[in-house]
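Protein chains in written order, with this note's numbering: chain V, 1 to 189; chain H, 190 to 541.
One or more hints might be untrue.
A short, non-exhaustive set of chain V residues, derived as facing chain H with CB atoms under 7 Å [to be verified]: (1) 118; (2) 124; (3) 126; (4) 127; (5) 128; (6) 131; (7) 132; (8) 137.
Hints were generated in silico from the structure; no laboratory data involved. Keep in mind the model is a prediction, meaning the values are calculated, not measured. Just so it is clear, CB atoms sit at the ideal spot from N, CA and C, and this is done for glycine as well.
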Amino acid sequence: MMLILLAVVVAVAFWGIGAYNGLVALKNQVVNAWKQIDVQLKRRHDLIPNLVNTVKGAMDFERTTLEAVIAARNKAVSATGVAATAKAEGELTQALGRLFALTEAYPDLKATGNIAQLQEELTSTENKIGFARQLYNDVATQYNTKQMQFPTNLLAGVAKASPAELWEIEDAGERAVPSVDLSMNKPQA
Amino acid sequence: MTPDQNLFAQQETNRRQSVWLVAGFILFFAWLGFGGDWALYLNTAGAGPQGYHHTIPALGILSTLLASGICWFSWRFGAQRVLWATGAWELIEPATPQQKQLVNVVEEMAIASGLPRPRIWIVPDPDPNAFATGITPQTANLAVTEGLLDALDRDELQGVVAHEMAHVSNYDTRLMTLLAAMVGAIALMSDGMSRFLRFGGRIGSGNGGRSGGGGSDRGGKGGGPLVLVVLVLWIISMLLAPVVSRLLAMAVSRKREYLADATGAQFTRNPAALASALEKIEAAAEPTRTITRGAAHLCIVDPAARKISEREGLVADVFASHPPIRQRIIRLRGMAYQQLKRESTASGTLPA
């Protein structure tokens with residue numbers, strides 16, 4: 001009888017350790033996935049001055065579009081807090097979209113090759129932001145499911161697990177107002 | 190949740206199978222060696238006190254050591270060997286926009302899969318094909334042919350790279366790379382052995398006079414049939430080894446292709462792009478000459494002329510290293526359709 005009890009206690013202890021570690025590992029994955037988004041956002045900010053310099057000469061009379069891109073970029077760089085960052089990034093994406101739509105009208109600009117290269121870089125960065133967000137959402141969903149499911153939910157408090165908010169984006173054309181839980185991403189704040 | 194559990198289960202399966210593969214490989218060589226020893230022992234047991242007695246299982250020890258050595262080598266240098274055999278060169282500083290795009294696409298897929306970026310290699314071959322190799326995701330290599338870069342657009346290239354990253358993430362590449370290195374080693378030795386048998390037979394007949402004593406011993410001994418059975422078994426397994434290893438490599442590869450297609454689609458969320466990439470690759474029916482049979486199971490499509498893998502049925506099931514491309518395209522298109530349906534219903538009825 002005693003032995004059975006002991007075995008049960010040991011089994012529960014082992015399960016507890018495993019579940020706790022699993023939650024902590026997932027939490028760190030969520031934080032890391034968030035960092036990946038951040039890295040890509042930074043990269044995009046660094047690319048934009050280059051782009052603007054390249055097209056400035058040829059697109060002199062599209063000044064307002066260029067200025068909109070620069071303004072959106074500066075706003076995105078200086079944005080603090082996740083919600084504000086996400087909003088600024090959304091606007092930057094739109095400004096860039098307008099700029100690229102306009103470059104279509106300048107064949108000699110396309111012919112230099114420089115713009116094509118920059119466009120590839122920016123496309124890739126946009127993709128990377130998208131995929132990083134996708135990874136973040138996947139990992140965060142996994143984390144949220146784990147901490148809500150029985151019996152792991154009994155340990156969620158001990159592991160200081162709180163639901164990570166997903167970065168929802170609606171149609172890229174619309175202005176997305178993503179919200180990500182700040183408390184979850186301490187290194188971010 | 191389910192796909193992640195799938196991935197985890199697949200990783201476990203591949204890790205376990207890799208261990209089994211290594212164990213089986215060593216055991217097989219031990220059987221060949223010690224079997225030979227046994228045959229020799231039975232053969233020389235009846236010899237007189239002056240005759241040679243085969244008591245130390247030297248063949249067995251030697252072949253077991255050899256197999257262990259091959260396994261170690263395959264683990265350590267298998268990926269390099271595969272890459273070297275295809276003549277691939279590593280892309281470090283992208284020189285052309287095309288190469289830059291490849292680097293970007295690989296980086297994107299590394300992010301999507303949550304893995305470190307693999308090293309990128311280019312195979313100088315006009316036929317579109319791609320493969321991944323490496324023992325761990327941290328040491329993975331991703332190779333594409335020049336033909337692939339020329340034939341596919343950005344989204345399609347992304348689909349192919351995602352498929353390869355899927356192989357990396359679920360440890361298919363570990364098993365496949367070990368297999369490739371071992372298949373290569375076995376093929377090499379089997380070639381050597383058949384040459385030795387032919388050559389050895391000639392020497393044997395030439396030296397008939399000198400080894401006549403042993404021959405008459407064998408004839409006069411009671412254990413003759415047993416010796417013959419063991420010897421025949423031994424030679425058969427020696428000759429069958431390359432065939433078996435090929436079949437194993439192929440059987441192990443086909444199931445994975447569907448799974449890697451699905452996992453890759455999960456990375457890109459764009460199964461239609463991979464489907465159209467496969468269509469383009471299929472249309473370019475040239476065999477990929479630089480990729481030899483030993484590495485065929487690593488590739489996204491069978492590098493040999495795709496005749497067998499296009500057929501369905503038993504023979505194709507046994508001999509093709511890849512499922513029919515048609516089947517894969519149909520499945521991917523099905524996924525794309527499901528996705529479309531999900532998205533349209535989700536946008537309509539999404540709860541606030």
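Consistency of the hints with the structure:
1. 118: violated (11 Å)
2. 124: holds (4 Å)
3. 126: Cβ of residue 126/V sits 10 Å from chain H, so the hint is violated.
4. 127: This hint holds: residue 127/V lies near chain H, its Cβ roughly 5 Å from the closest one there, short of 7 Å.
5. 128: Where the cut-off is 7 Å and the nearest Cβ of chain H is about 5 Å from residue 128/V, the hint holds.
6. 131: holds (4 Å)
7. 132: holds (5 Å)
8. 137: violated (11 Å)
Of the numbered hints stated above, those contradicted by the structure are hints 1, 3, 8, listed in ascending order.
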